[in-house]
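Asker: Residue-level listing of the chains:
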Amino acid sequence: MRFKFSILALLLEVIVIVLYGIFVDYDIDIPVTLLYPHFQDVHVMIFVGFGFLMTFLKKYGFSSVGFNMLIAAFGLQWGILMQGFWHMEEGKIHVSIESMINADFSTATALISFGALLGKTSPIQMLILTLLEITMFACNEHLVTEIFEATDVGASMTIHAFGAYFGLAAAFVLYRPGLTNKHENDESTYHSDMFAMIGTLFLWLFWPSFNSAIAHGSEAQARAIINTYYSLAACTIVTFALSSLVDKRGKFSMVLIQNATLAGGVAVGTCADLAIHPFSAMFIGVVAGVVSVLGFQFLTPVMASKLRIQDTCGVHNLHGLPGILGGIAGIIAAAVKRDLR
Amino acid sequence: MRFKFSILALLLEVIVIVLYGIFVDYDIDIPVTLLYPHFQDVHVMIFVGFGFLMTFLKKYGFSSVGFNMLIAAFGLQWGILMQGFWHMEEGKIHVSIESMINADFSTATALISFGALLGKTSPIQMLILTLLEITMFACNEHLVTEIFEATDVGASMTIHAFGAYFGLAAAFVLYRPGLTNKHENDESTYHSDMFAMIGTLFLWLFWPSFNSAIAHGSEAQARAIINTYYSLAACTIVTFALSSLVDKRGKFSMVLIQNATLAGGVAVGTCADLAIHPFSAMFIGVVAGVVSVLGFQFLTPVMASKLRIQDTCGVHNLHGLPGILGGIAGIIAAAVKRDLR
Amino acid sequence: MRFKFSILALLLEVIVIVLYGIFVDYDIDIPVTLLYPHFQDVHVMIFVGFGFLMTFLKKYGFSSVGFNMLIAAFGLQWGILMQGFWHMEEGKIHVSIESMINADFSTATALISFGALLGKTSPIQMLILTLLEITMFACNEHLVTEIFEATDVGASMTIHAFGAYFGLAAAFVLYRPGLTNKHENDESTYHSDMFAMIGTLFLWLFWPSFNSAIAHGSEAQARAIINTYYSLAACTIVTFALSSLVDKRGKFSMVLIQNATLAGGVAVGTCADLAIHPFSAMFIGVVAGVVSVLGFQFLTPVMASKLRIQDTCGVHNLHGLPGILGGIAGIIAAAVKRDLR
Chain A
1 MRFKFSILAL LLEVIVIVLY GIFVDYDIDI PVTLLYPHFQ DVHVMIFVGF
51 GFLMTFLKKY GFSSVGFNML IAAFGLQWGI LMQGFWHMEE GKIHVSIESM
101 INADFSTATA LISFGALLGK TSPIQMLILT LLEITMFACN EHLVTEIFEA
151 TDVGASMTIH AFGAYFGLAA AFVLYRPGLT NKHENDESTY HSDMFAMIGT
201 LFLWLFWPSF NSAIAHGSEA QARAIINTYY SLAACTIVTF ALSSLVDKRG
251 KFSMVLIQNA TLAGGVAVGT CADLAIHPFS AMFIGVVAGV VSVLGFQFLT
301 PVMASKLRIQ DTCGVHNLHG LPGILGGIAG IIAAAVKRDL R
Chain B
1 MRFKFSILAL LLEVIVIVLY GIFVDYDIDI PVTLLYPHFQ DVHVMIFVGF
51 GFLMTFLKKY GFSSVGFNML IAAFGLQWGI LMQGFWHMEE GKIHVSIESM
101 INADFSTATA LISFGALLGK TSPIQMLILT LLEITMFACN EHLVTEIFEA
151 TDVGASMTIH AFGAYFGLAA AFVLYRPGLT NKHENDESTY HSDMFAMIGT
201 LFLWLFWPSF NSAIAHGSEA QARAIINTYY SLAACTIVTF ALSSLVDKRG
251 KFSMVLIQNA TLAGGVAVGT CADLAIHPFS AMFIGVVAGV VSVLGFQFLT
301 PVMASKLRIQ DTCGVHNLHG LPGILGGIAG IIAAAVKRDL R
Chain C
1 MRFKFSILAL LLEVIVIVLY GIFVDYDIDI PVTLLYPHFQ DVHVMIFVGF
51 GFLMTFLKKY GFSSVGFNML IAAFGLQWGI LMQGFWHMEE GKIHVSIESM
101 INADFSTATA LISFGALLGK TSPIQMLILT LLEITMFACN EHLVTEIFEA
151 TDVGASMTIH AFGAYFGLAA AFVLYRPGLT NKHENDESTY HSDMFAMIGT
201 LFLWLFWPSF NSAIAHGSEA QARAIINTYY SLAACTIVTF ALSSLVDKRG
251 KFSMVLIQNA TLAGGVAVGT CADLAIHPFS AMFIGVVAGV VSVLGFQFLT
301 PVMASKLRIQ DTCGVHNLHG LPGILGGIAG IIAAAVKRDL R
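Residue numbers (the UniProt record's numbering), protein chains in the order written: chain A, 1 to 341; chain B, 1 to 341; chain C, 1 to 341.
Where hints are given, some of them may not hold.
Copies of the same chain look alike in the list, so a pair counts if it fits in one copy or across any two.
Stated by the list, open to error - Derived BS3-like pairs: lysine-lysine, alpha-carbon spacing no greater than 30 Å straight-line:
id, residue 1, residue 2
1, K4, K251
2, K92, K306
3, K248, K92
4, K251, K337
5, K4, K306
6, K251, K92
7, K248, K337
8, K92, K4
9, K92, K337
10, K337, K58
11, K251, K59
12, K248, K4
13, K306, K58
14, K58, K248
15, K337, K59
16, K120, K92
17, K120, K337
18, K59, K306
19, K58, K251
Hints are computed from structural coordinates only; laboratory data are not their basis.
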């Protein structure tokens, strides 16, 4: 185990550097200052947001922040290659701030899957899974955006639903009955819940940057920011309301506040750049909050006991269901828009 | 209790969505990229800064971060409506990055008041208080900036002093003698003090963005950034010096470092965009640090015992007194400027 | 002790304000919006990044975050004066966002030195050390960039190596045999390691801003961002691989993940803005990771036992050796560039 991981990691890094030597160079067409703040917001989401969100389980604090950093650092190098191979110019992949944002996006799929697998996988398995998932993601993304010409600016389907169901499939394969008894590892403590709130808040705050980073034109970008901002705000109010409602003593549940408040950002993703008006964005956020809270409360226990899918962080409720909801919202928004012409 | 909060929150969200459906739409005149980094800095202050600053009490960690998120998520939706009603065009409120910054500002008043009330109020009370306070804030702000045509770029008076005294008034009304005996809840622990430093630092770092976000023109914006930066730096040195001086063993007090270091940002707010020169900004910071440390050390205990006002987080010393000081500094700066003509 | 620190701090602040009154005024030539996001990234690194990185020792959590804030708040005021005296126009030092970035840079040297001295110095010693070190740094920086006309955009040598060896020299002078027995203070705990990861991640994420902030032109800035991003990513993979390799049970070491993952940012600093191609940046990151891990594992214990230099946070391995490596990489890059002409 000790040597296997080290050799695999070093080998992968050597392969990546050789491929970069052959294929990758700077792209300096786009002025750096415009997209750089957006990039940094997304970058903080990937490393601080996802990293700390998963720290709520008291036994997996180091695993979540540490492995998150390992997966993300490898994923962003691999993502540029996999996405770049579809867009080569004269045999070269050109790296710009925009392609760095896209590489961070590709990394998000692996981190979402990791959320379902936390506590079940070794670092070796996670490195291989990251490599496979990002490769598949890049092919799927190419298919959706280039061949089908579908619009998915905030990537509800291509990142969130994809990452969630990839992770759930892996969780099903890696299912071991002994895990269900490890109740003590699945608990949170006061301080682990506080650390997780750091992750939640940075994801919540910068989600408008995530959904608007690759929008075309400043008008679409502004709409994506505003729609995501309102979807998240409405989703948060509904999450607090339902969290108190489903608890027997009327108390707020930290796991719901940490996770379901973010579902509005996922669900509004696909149609974030369209002129759906703020109130529709809020409505999408409300539905996402309802779906996510009900998922955590009723679906996750059933999936673990009946379907043998143990979803450690509940990514199905945060990324899976809201991602599908986002796809449906996108179809409706596109249909309504066509009708209005 | 359990159903009351849920029903109230859902009802408020429905009302907000209906009002947004009728009145709110996108404003896309201003290019998004210019103010967006400023907006995100202010956004981080509201959710991470205020949220974690209040975590220093060991028993109220979840309350402070969680309720802070609830209040802010509702406040930013309500703020747009209350501020927007004074500036409607053809019956519509137009949402832009700038109005989102203003909505975050309006939310700050409620969060400051919450700092005085932490541990005394239920979520229902806080939602109603937020609704009332933001409504009053929007009217007061309109009165000050539109009718009196007063300048208050960093809102020392309209946000900080307003929020502090609103909260203190509510704390007076909600006073119960039993609270004074709950000493064990008013203590901090090692880790709760570390979490609070996350809040302090993000407030400290992004305060220049807060004070410059709505300054007119890039020259005034640059001055507001520079003045706030120096006022905070000078205030911090004085806070450390006095913190050691007022302690019997010469030790630094975490509560002073967490709070009084920020008073410089409040006090320089009103005149931040004026050409007062960096050394005056530093002088304002020094006075703010002195006032704030003395307030925490001598005034807060007296207010709790004699006036029956329990100021849980000491917002009077961080926002109240420095806010008034900011108003006085603004008057002096305006007077001197007139003399120099 | 109690009065000494307070009097020294207040006296220094008075001197600074008087000097600012005489010499410092606004510079408003450069539009604020362009560099301001870069400035805020660097600002977060100085206060949150350095502050929390040093919290991993359970007994020094408050010292590290608190003293870090004190040193930085004084250093940024002093840095403007020391750096500005070399560039006065008509007897005035003009403060702009760019000079504020440079002042934050000068502060970094003192914070790096503080990492070697944590637990050994009093606040009075640290204030005096900060004053002396920043003064020396400004002279050295002037010598290197103006007289020698050397290029060091990310300041591998002038900040990182300078700060590390200054701190190690002070650690040697302040060596007391009793310190080596205080093993219990040199331990980390679960939560202190989590707090330190906050520092690590914000340093890691914003290092591209650090290395590109003062690059000339948007093309050089884009290259500095991209090179730093890849150097850090490659360094991180190597650090994880070697961390598992050097541990007897194959486990990851938190101290290595917290520190050695950042060595890539230091080492690529000097040549970050040059067109060295992404694969060379990754190679520099790999070498930096190897050097830093070996330093922590083998050199630091030897330095403490044989050379009587106790490097509390291991700044020699994070800033010293990678800084020298950055200088060597810069010489090679400059030589190769000349050959290619």
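Asker: All hints, please: hold or fail.
Answerer: Consistency of the hints with the structure:
no. : hint        : in the structure
1   : K4 x K251   : between (47 Å within a copy, 12 Å between copies)
2   : K92 x K306  : neither (49 Å within a copy, 52 Å between copies)
3   : K248 x K92  : neither (60 Å within a copy, 43 Å between copies)
4   : K251 x K337 : neither (42 Å within a copy, 55 Å between copies)
5   : K4 x K306   : neither (35 Å within a copy, 35 Å between copies)
6   : K251 x K92  : neither (56 Å within a copy, 39 Å between copies)
7   : K248 x K337 : neither (43 Å within a copy, 62 Å between copies)
8   : K92 x K4    : neither (33 Å within a copy, 62 Å between copies)
9   : K92 x K337  : between (39 Å within a copy, 21 Å between copies)
10  : K337 x K58  : neither (47 Å within a copy, 52 Å between copies)
11  : K251 x K59  : both (24 Å within a copy, 15 Å between copies)
12  : K248 x K4   : between (48 Å within a copy, 14 Å between copies)
13  : K306 x K58  : within (26 Å within a copy, 40 Å between copies)
14  : K58 x K248  : both (24 Å within a copy, 25 Å between copies)
15  : K337 x K59  : neither (49 Å within a copy, 51 Å between copies)
16  : K120 x K92  : neither (39 Å within a copy, 53 Å between copies)
17  : K120 x K337 : neither (45 Å within a copy, 49 Å between copies)
18  : K59 x K306  : within (25 Å within a copy, 38 Å between copies)
19  : K58 x K251  : both (21 Å within a copy, 18 Å between copies)
Going down the numbered hints, you'll see the structure goes against 2, 3, 4, 5, 6, 7, 8, 10, 15, 16 and 17, while the others check out.
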